[in-house]
Amino acid sequence: AKVRQANAATNSLLVLGHNPGLEEFARRLAGAGSDVAALKKLEEKFPTAALARFLFDGDWARLALGDARLTHCVWPKDLR
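In the numbering used here, the protein residues as written are -10 to 69.
What the hints contain is simulated information worked out from the structure, not anything from laboratory work. There could be a bad hint or two in this list.
[Unchecked claim] No more than 16 Å apart at the CA atoms, straight line, and that leaves these computed lysine to aspartate or glutamate pairs for EDC-like:
#1 K30 to E12
#2 K29 to D48
#3 K66 to E13
#4 K34 to E13
#5 K34 to E12
#6 K30 to E13
Full structure from sequences and hints, please.
Here it is, written out as structure tokens:
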């Protein structure tokens, strides 16, 4: 709900949170056109300090589950 309150001029938005809520939100936000490898990784787990990157082209106030395209999932171990 907070994401929908973002100013319409906002181009990038960083959402921080913790599980299980953030993991579920990320899974449900991913929609058509999402990267297959990133989706598979997201379905496996969402560890502490993980990052999920989405693209959304629309009005934040109208963002619905399944409206964003998941492009990347980065786990802390990926940065070693």
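Results for each hint:
Annotation: proposed proximity of K30 to E12 holds, straight-line Cα distance about 12 Å (limit 16 Å). A distance of roughly 27 Å separates the Cα atoms of K29 and D48; the hinted pair therefore is violated under the 16 Å criterion. With a CA separation close to 21 Å, the supplied pair K66 and E13 exceeds the 16 Å bound. Distance check on the hinted pair: K34 and E13 sit about 10 Å apart at the alpha-carbon level, within 16 Å; holds.
With a CA separation close to 8 Å, the supplied pair K34 and E12 stays within the 16 Å bound. Between K30 and E13 the CA atoms are separated by roughly 13 Å; this keeps the pair inside 16 Å, and the hint holds.
The earlier numbered hints that this structure contradicts are 2 and 3.
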